Amino acid sequence: MSSNANSTTTSTRSNEPLLSVDGLRTFIETEREQFPAVDGVSFSVDRGETVCIVGESGSGKSVTCESLTGIVPQPPARITDGQITFDGKRIDGASERELRSIRGDRIAHVFQNPQQALDPVYTVGDQIVEAMTIHGQRSGTSARERAISLLRKVGIPRADDRIDEYPHEFSGGMRQRVAIAIALAADPDLLVADEPTTAVDVTVQAKLIELLRDLTDDDTAILLITHDLRVVASLADSVVVMYGGTIVERGPVDTVFSTPAHPYTQALFDSYDGLSRRNDRSARGELPSDGCRFRAECPYAEPACEGGDQPDFYTLDSDADHSVSCVHFSPDGDPERVLDASTEVHSVSEVSR
Amino acid sequence: MSTDPSRHRFEDVDWNEIERTRSLVTSQRLIFVVGLVVLFAMYTYDSYTGLYFLGTWEVETLDWLVFAGLVFIGSFVGVPLVRHGARTKQIVRRIVSRPAHAIAMGFLSLLAFSGIVGPAIYGDVRISFGNQYNPPIGSTSKMGWANQCAGEVTTAADGFTRLCHGSMANPLGTNHRGQPMGYLLIEGASVAMDVVLFTLAFVVPLAAIVGIVAGFRGGRIDDLLMSYVDVQLCIPAILVFIMGYMYWNVSLLLLLVTFGLLSWGGIARIVRSETLQRREDGYVLVARSLGASAPYIGRRHIIPNITNTLVPAVFHLLALFVLVEAGIAFLGFHHIETYSWGSTIQEGLTLSVSTGQSYVDPPATSSKLWWVSTLPAIALTITLVSLKLSGDALRDALDPRQTN
Chain A
1 MSSNANSTTT
11 STRSNEPLLS
21 VDGLRTFIET
31 EREQFPAVDG
41 VSFSVDRGET
51 VCIVGESGSG
61 KSVTCESLTG
71 IVPQPPARIT
81 DGQITFDGKR
91 IDGASERELR
101 SIRGDRIAHV
111 FQNPQQALDP
121 VYTVGDQIVE
131 AMTIHGQRSG
141 TSARERAISL
151 LRKVGIPRAD
161 DRIDEYPHEF
171 SGGMRQRVAI
181 AIALAADPDL
191 LVADEPTTAV
201 DVTVQAKLIE
211 LLRDLTDDDT
221 AILLITHDLR
231 VVASLADSVV
241 VMYGGTIVER
251 GPVDTVFSTP
261 AHPYTQALFD
271 SYDGLSRRND
281 RSARGELPSD
291 GCRFRAECPY
301 AEPACEGGDQ
311 PDFYTLDSDA
321 DHSVSCVHFS
331 PDGDPERVLD
341 ASTEVHSVSE
351 VSR
Chain B
1 MSTDPSRHRF
11 EDVDWNEIER
21 TRSLVTSQRL
31 IFVVGLVVLF
41 AMYTYDSYTG
51 LYFLGTWEVE
61 TLDWLVFAGL
71 VFIGSFVGVP
81 LVRHGARTKQ
91 IVRRIVSRPA
101 HAIAMGFLSL
111 LAFSGIVGPA
121 IYGDVRISFG
131 NQYNPPIGST
141 SKMGWANQCA
151 GEVTTAADGF
161 TRLCHGSMAN
171 PLGTNHRGQP
181 MGYLLIEGAS
191 VAMDVVLFTL
201 AFVVPLAAIV
211 GIVAGFRGGR
221 IDDLLMSYVD
231 VQLCIPAILV
241 FIMGYMYWNV
251 SLLLLLVTFG
261 LLSWGGIARI
271 VRSETLQRRE
281 DGYVLVARSL
291 GASAPYIGRR
301 HIIPNITNTL
311 VPAVFHLLAL
321 FVLVEAGIAF
331 LGFHHIETYS
341 WGSTIQEGLT
351 LSVSTGQSYV
361 DPPATSSKLW
371 WVSTLPAIAL
381 TITLVSLKLS
391 GDALRDALDP
401 RQTN
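Going down the list, the sequences are from chains A and B. All residue numbers in the first sequence are consecutive under UniProt numbering, ending with 353. All residue numbers in the second sequence are consecutive under UniProt numbering, ending with 404.
If we strip away everything but chain A, and leave its shape as in the complex, we get (with noise of 0.2 Å):
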């Protein structure tokens, strides 16, 4: 069943995208259990394009992207199933030594928590600096030019006194600047940033956006994880939404926002409404492991969502690109009643605002 459900990922783009993700599952095993954080994650991201994951907490967003280049602490995680790969070449499974080699020079990561990102004892300089002698790529007085002119790039202002400074003396956002900065260093083809925004206060979050909207102007694809719809309006050219460590919808930001079809994207985008459509969202129980993860939360459950995996992956009418998993949108089923219920219609610009 899983087979084909990735088989129905249709792409109009001609090349072959850049990092695709098939059936990735990542478990987390303590003493007594292991649990399935990320459960069979299909999805792909082109050249150039800027992909956002989004997803309550919990639902697997950062162990999806720290499978990727198998920087998710191992143990307790164990990376069990799927093919990862990146510009042609089959990346799981690959050795500690290959990752290494695409760690940062191919795929950079940003995180969370900007105040704990960079290493107290070096500057500012020389853990941008760092990041590109590991690779080999450039040191010396041009790696420092460099170094001044990414934290120009990332707006620090006074960028060549600041780069002798501690981190200690640069404030949260500044930070995370900076880590971005160190991110870019060895110019990826691919960056990954963990909800860059989440732990700075909001004016800063808007001036992130921003520095981040200019980055995605440029060759390099970024995967956002997020769980802001603000973000993700102003950012994104396509979405992934997870939820209980399976993807339940994907398709290009317009058409998502435009149409929510899975009964868990509707939620999500009430949620952040604050204009519940529905009080019916009953209390959340146990996450179910088979069938339909969000079966026990949702209205329009019926016994096809229970048993097997994630229902599979169908497109909608109005959009090639724009796929839900859900029973509802089968050949069978009736897509009307779920897409009915929304009466309201989201879009981008009203989002972003």
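Incorrect hints may appear among the rest.
What the hints assert, rightly or not - The list that follows gives simulated cross-link-like pairs (lysine to any residue, SDA-like), each with its CA atoms no further than 20 Å apart:
1) A:K207 <-> A:Q115
2) B:K89 <-> A:Y166
3) B:K89 <-> A:D164
4) B:K89 <-> B:A102
5) B:K89 <-> A:V121
6) B:K89 <-> A:Q115
7) B:K89 <-> B:M105
Hints were generated in silico from the structure; no laboratory data involved. Note that the structure is predicted; figures quoted are calculated from it, not measured.
Using the hints, position chain B against chain A.
Leaving out everything else, chain B in the frame of chain A:
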């Protein structure tokens, strides 16, 4: 402090010098290997020809080991200090800004200089019992009938007792063998430096590596290493030393090897627990996401961030070993020609054993010949205090967040 030291600019950093991690040949490793090769050549030359390199100083096995330790410390601590001159200057400035710390570090530098270079300059001082118990400058002592005095000799009020006055010939006086106290103090400093350098070069790296590997790798390796440390902590080093003392030639090397190889468990445990905390820090994850290898992260990100705990612990261990060596020498378990401060203190306190009967008349009490035991005791005390203070000084100076 009117200026904020952490805001100093480092324009003069030579960024060309920042090493590329991928290359196997770094200047540190190069200097280390060349140093060891030169040392080995000198050792071979020395053991085949038996010629002296410096004066009449006989280089022993322990000295060779300490030289190797010096090469190690010089290449892996000294070279980075020289290369990152600006950072070094900043560290020195911070140490100097606190008088107590500056004095402690100054005393340790003096100790290191006299301990390493002193014996080579002094050479072997001949024992001359005739010159025994010459007092320090500004002090007098009663002379026996055959006693010689380097300074002025006067007759006491009773018209019979001759008094020896201190002189520039032996400014700190002499002991019961007629050896100048200055020589004994420098020999003691040399022994203390041997202890410190041996510990720094062999014991501390071992402890740090075991601790970091255990903390960073975790799992079975951690269990294995830490259970070994537990077993080792159960073996009393002094027992092993005394057994060695019974069966082999007693030497300072035996003491250092038994105590050094059995007493690093505590440091390893501290390093491990700190590593466990640090490895969860964000910058370790960032370094991993940049493609850094585990040894690189341990060296570049873990160790500099645990100096807060590691440096004072190391200096505490150094002070402890210096004290243990002095204590064991005080008890008499030392090589007869190793003039440790501990053995000199003991000789000064138990004059009934060490006094040549014919020379001193009437038998002197130790309080009359105070300088023999007091001077090394003062040297030992200042050394211990300096070691502890220097640990704190380095900890403060190495942390860029401290703005004193």
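Cross-check of the supplied hints:
Between A:K207 and A:Q115, the direct Cα distance comes to roughly 17 Å. Compliance with the 20 Å bound is thereby established for this hinted pair. Restraint check for B:K89 and A:Y166: the C-alpha separation of about 17 Å stays at or below 20 Å, so the hint holds. The straight-line distance between the Cα atoms of B:K89 and A:D164 is roughly 15 Å, inside the 20 Å bound, and the hint therefore holds. Taking the CA atoms of B:K89 and B:A102, the gap is near 14 Å; set against the 20 Å cutoff, the hint holds.
With a C-alpha separation of about 16 Å, the suggested pair B:K89 and A:V121 falls inside the 20 Å cut-off, and the hint holds. At most 20 Å may separate the alpha-carbon atoms for a hinted pair to count; B:K89 and A:Q115 exceed this at roughly 28 Å. For the given pair, B:K89 sits about 15 Å from B:M105 by alpha-carbon distance, which is consistent with the 20 Å threshold.
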